[in-house]
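Trainee: Sequence:
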Amino acid sequence: MADGGGLYLLVKPNGNKHWRLKYRIGGKEKLLAIGAYPLFSLADARQARDDAKRLIANGEDPVIHKNKAKQTVIRDAKNTFQVIAMEWYEDRKDIWKPRYAQEVLKRLEEDIFPHIGKFPIKDINRPLILEVIRKIEKRGAVDLAKRQLQKCGEIFRYAIASGRLDDDPTYKMSEALKPVKTQHFSSIEVEELPQFVADLNANKGRLYTTTQNALRLMLLTFVRTNELINAKWDEIDFERKRWVIPAERMKMGKEHIVPLADQAVRILKAQREISGQWDHVFPSPVKPKQSISNNTILGALKRMGYQGRMTGHGFRSLAMGGIKQELGYRHEVVDRQLAHTPKSKIDKAYDRAAFLEERTRMMQDWADYIARIGVEK
Numbered sequence: 003m004a005d006g007g008g009l010y011l012l013v014k015p016n017g018n019k020h021w022r023l024k025y026r027i028g029g030k031e032k033l034l035a036i037g038a039y040p041l042f043s044l045a046d047a048r049q050a051r052d053d054a055k056r057l058i059a060n061g062e063d064p065v066i067h068k069n070k071a072k073q074t075v076i077r078d079a080k081n082t083f084q085v086i087a088m089e090w091y092e093d094r095k096d097i098w099k100p101r102y103a104q105e106v107l108k109r110l111e112e113d114i115f116p117h118i119g120k121f122p123i124k125d126i127n128r129p130l131i132l133e134v135i136r137k138i139e140k141r142g143a144v145d146l147a148k149r150q151l152q153k154c155g156e157i158f159r160y161a162i163a164s165g166r167l168d169d170d171p172t173y174k175m176s177e178a179l180k181p182v183k184t185q186h187f188s189s190i191e192v193e194e195l196p197q198f199v200a201d202l203n204a205n206k207g208r209l210y211t212t213t214q215n216a217l218r219l220m221l222l223t224f225v226r227t228n229e230l231i232n233a234k235w236d237e238i239d240f241e242r243k244r245w246v247i248p249a250e251r252m253k254m255g256k257e258h259i260v261p262l263a264d265q266a267v268r269i270l271k272a273q274r275e276i277s278g279q280w281d282h283v284f285p286s287p288v289k290p291k292q293s294i295s296n297n298t299i300l301g302a303l304k305r306m307g308y309q310g311r312m313t314g315h316g317f318r319s320l321a322m323g324g325i326k327q328e329l330g331y332r333h334e335v336v337d338r339q340l341a342h343t344p345k346s347k348i349d350k351a352y353d354r355a356a357f358l359e360e361r362t363r364m365m366q367d368w369a370d371y372i373a374r375i376g377v378e379k
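Under the numbering used here, think of the first position of the sequence shown as 3, with each following residue one higher.
The set of hints was computed from the structure by calculation and includes no laboratory data.
We treat Cβ as the ideally placed atom computed from N, Cα and C, and that holds for glycine.
Possibly wrong hints are sitting among the right ones.
[To be verified] Cross-link-like lysine-lysine pairs, in silico, BS3-like; alpha carbons within 30 Å at most:
{"id": "1", "residue 1": "Lys68", "residue 2": "Lys80"}
{"id": "2", "residue 1": "Lys326", "residue 2": "Lys243"}
{"id": "3", "residue 1": "Lys253", "residue 2": "Lys148"}
{"id": "4", "residue 1": "Lys291", "residue 2": "Lys326"}
{"id": "5", "residue 1": "Lys120", "residue 2": "Lys68"}
{"id": "6", "residue 1": "Lys72", "residue 2": "Lys95"}
{"id": "7", "residue 1": "Lys30", "residue 2": "Lys55"}
{"id": "8", "residue 1": "Lys256", "residue 2": "Lys271"}
{"id": "9", "residue 1": "Lys174", "residue 2": "Lys108"}
{"id": "10", "residue 1": "Lys80", "residue 2": "Lys108"}
{"id": "11", "residue 1": "Lys108", "residue 2": "Lys68"}
{"id": "12", "residue 1": "Lys148", "residue 2": "Lys180"}
{"id": "13", "residue 1": "Lys256", "residue 2": "Lys243"}
{"id": "14", "residue 1": "Lys243", "residue 2": "Lys99"}
{"id": "15", "residue 1": "Lys32", "residue 2": "Lys14"}
{"id": "16", "residue 1": "Lys140", "residue 2": "Lys180"}
{"id": "17", "residue 1": "Lys72", "residue 2": "Lys19"}
{"id": "18", "residue 1": "Lys19", "residue 2": "Lys68"}
{"id": "19", "residue 1": "Lys120", "residue 2": "Lys140"}
{"id": "20", "residue 1": "Lys95", "residue 2": "Lys137"}
[To be verified] The calculated label-pair distances, taken between Cβ atoms and stated as ranges, are:
{"id": "21", "residue 1": "Leu11", "residue 2": "Asp96", "range": "32 to 42 Å"}
{"id": "22", "residue 1": "Asn205", "residue 2": "Ile162", "range": "22 to 32 Å"}
{"id": "23", "residue 1": "Leu179", "residue 2": "Asp46", "range": "41 to 51 Å"}
{"id": "24", "residue 1": "Glu133", "residue 2": "Pro290", "range": "23 to 33 Å"}
{"id": "25", "residue 1": "Ser295", "residue 2": "Arg94", "range": "49 to 59 Å"}
{"id": "26", "residue 1": "Ala35", "residue 2": "Gly165", "range": "26 to 36 Å"}
{"id": "27", "residue 1": "Leu179", "residue 2": "Lys95", "range": "19 to 29 Å"}
{"id": "28", "residue 1": "Asp168", "residue 2": "Asp46", "range": "26 to 36 Å"}
{"id": "29", "residue 1": "Asn18", "residue 2": "Asp93", "range": "21 to 31 Å"}
{"id": "30", "residue 1": "Gln327", "residue 2": "Ala178", "range": "41 to 51 Å"}
{"id": "31", "residue 1": "Glu250", "residue 2": "Pro196", "range": "33 to 43 Å"}
{"id": "32", "residue 1": "Asp168", "residue 2": "Lys95", "range": "21 to 31 Å"}
Can you build the whole structure from these sequences, using the hints too?
Mentor: Below, the structure is given as structure tokens:
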């Protein structure tokens, strides 16, 4: 049943009706399937015919145009946010520390994928991603919300670089988030140290011996909490009195030497009597194949009465202040022992120098100072 301009309705013997458009391009006659009637009305079919005529006038074949559009729809359906995010993750995980890689994936699976994971990435706009990030904010995790927005931005830019997206919807979106307050880790003052070590010696918190030893070693070595709780016996060199923390466990990804004072060696030897059969220096009392947790340290400080006043990280700032104030060591030497990132050319020069001999003396002096105020009887 012809309508005009090459448009006609094909009526099949079974009664089904389909709109077709007969046209010529490049000297050849071709046929475009528009759609079934009544799903496509006469008005719809005529509009499709006119659109096709415009394509032909511009030298474009309507059938090829339709196939391209169909392939685009199929491709967009496959290129969901989660699919591209996992490509991005697999591309990067080998250069990350395993613990960090696990954390990145865990956060995506918990905070992002359930909300926009199945959306074609090209359909995710600013209001949608902002709604997802604000769900994290509403939990009180303001800093995490900002970090998740940054990770989503990296994924969107990966999609742009791989030709599957034109714009990054997270661009300048951080202005719409709550500002992150600068967080300082609680730490007692140097003047409060005698009372703290007295409480630790008296086992005021009624701690397990392993937990008590962990706190004592943290006070003497002022390493990061994760570096302490994950310490393994094969990292301890009793003969040279050194603890060598491997690069993969360090925040800066660089092997770190911790000179061990005599007091620290004695603590480790006592701890070896407790846990020498396990890999970890400070194994969990419940699951000894695993280490104690960060919460073990925080819980111990809480039971000692230092909740809100002292944290595991606080031992680092306490040592920095105490060693400079009471022992007179230069900032650069203490800073190097803290394994901070060099901030200037001068700091980098000190970093290369390492100051291992001076750091060794400093660690013994610090242990002796603590012994004088009561760490050892």
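Trainee: Next, verify each hint and record whether it holds.
Mentor: Comparing the hints with the structure gives:
Among the hinted pairs, Lys68 with Lys80 is consistent with the structure: their alpha-carbon atoms are about 19 Å apart, no more than 30 Å. With a C-alpha separation of about 23 Å, the suggested pair Lys326 and Lys243 falls inside the 30 Å cut-off, and the hint holds. Using a Cα cut-off of 30 Å, the hinted pair Lys253 and Lys148 holds, with the two alpha carbons roughly 20 Å apart. Restraint check: the Cα-Cα separation between Lys291 and Lys326 comes to about 38 Å, which exceeds 30 Å; the hinted pair is violated.
For the proposed pair Lys120 and Lys68, the alpha carbon gap of about 25 Å is at most 30 Å, so the pair holds. Distance hint between Lys72 and Lys95 is unfulfilled; the C-alpha atoms sit about 34 Å from each other, more than 30 Å. At most 30 Å may separate the alpha-carbon atoms for a hinted pair to count; Lys30 and Lys55 meet this at roughly 15 Å. Between the alpha carbons of Lys256 and Lys271 the distance comes to roughly 26 Å, so the proposed pair stays at or under 30 Å and holds.
Between Lys174 and Lys108, the direct Cα distance comes to roughly 25 Å. Compliance with the 30 Å bound is thereby established for this hinted pair. The hinted pair formed by Lys80 and Lys108 meets the criterion: a straight-line CA distance of about 22 Å does not exceed 30 Å. About 41 Å separates the Cα atoms of Lys108 and Lys68, which puts this hinted pair outside 30 Å; it is violated. For the proposed pair Lys148 and Lys180, the alpha carbon gap of about 9 Å is at most 30 Å, so the pair holds.
For a cut-off of 30 Å, the pair hint linking Lys256 to Lys243 stands: about 20 Å separates their Cα positions. Straight-line distance between C-alpha atoms of Lys243 and Lys99 comes to about 28 Å, which keeps the hinted pair within the 30 Å bound. With a C-alpha separation of about 20 Å, the suggested pairing of Lys32 with Lys14 holds against the 30 Å cut-off. Proposed proximity of Lys140 and Lys180 is supported: the alpha carbons are some 10 Å apart, at most 30 Å.
Our distance criterion of 30 Å between C-alpha atoms is met by Lys72 and Lys19, whose separation comes to about 22 Å. Only pairs whose Cα atoms come within 30 Å are accepted, and Lys19 paired with Lys68 is accepted, the gap being roughly 20 Å. Only pairs whose Cα atoms come within 30 Å are accepted, and Lys120 paired with Lys140 is accepted, the gap being roughly 23 Å. In summary, the hint linking Lys95 to Lys137 is supported, as the alpha carbons are separated by about 26 Å, within the 30 Å threshold.
Evaluation of the 32 to 42 Å hint for Leu11 and Asp96 yields a failure: the beta carbon distance comes to about 59 Å. For the hinted restraint 22 to 32 Å between Asn205 and Ile162, the CB-CB distance of approximately 58 Å leaves it violated. Evaluation of the 41 to 51 Å hint for Leu179 and Asp46 yields a pass: the beta carbon distance comes to about 45 Å. Glu133 and Pro290 have their C-beta atoms about 45 Å apart, which leaves the hinted 23 to 33 Å range violated.
Checked against the hint of 49 to 59 Å, the pair Ser295 and Arg94 fails, with Cβ atoms roughly 27 Å apart. Restraint check, Ala35 to Gly165: a C-beta distance of roughly 29 Å satisfies the suggested window 26 to 36 Å. In this structure, Leu179 and Lys95 meet the distance hint of 19 to 29 Å, their C-beta atoms being roughly 26 Å apart. One distance hint, 26 to 36 Å for the beta-carbon pair Asp168 and Asp46, holds here, with the actual separation near 29 Å.
For Asn18 and Asp93, the hinted distance range of 21 to 31 Å is not satisfied, since their beta carbons lie about 48 Å from each other. Range check, Gln327 to Ala178: about 44 Å between beta-carbon atoms, so the 41 to 51 Å window is met. A hinted range of 33 to 43 Å holds for the C-beta pair Glu250 and Pro196, which are about 37 Å apart. Evaluation of the 21 to 31 Å hint for Asp168 and Lys95 yields a pass: the beta carbon distance comes to about 27 Å.
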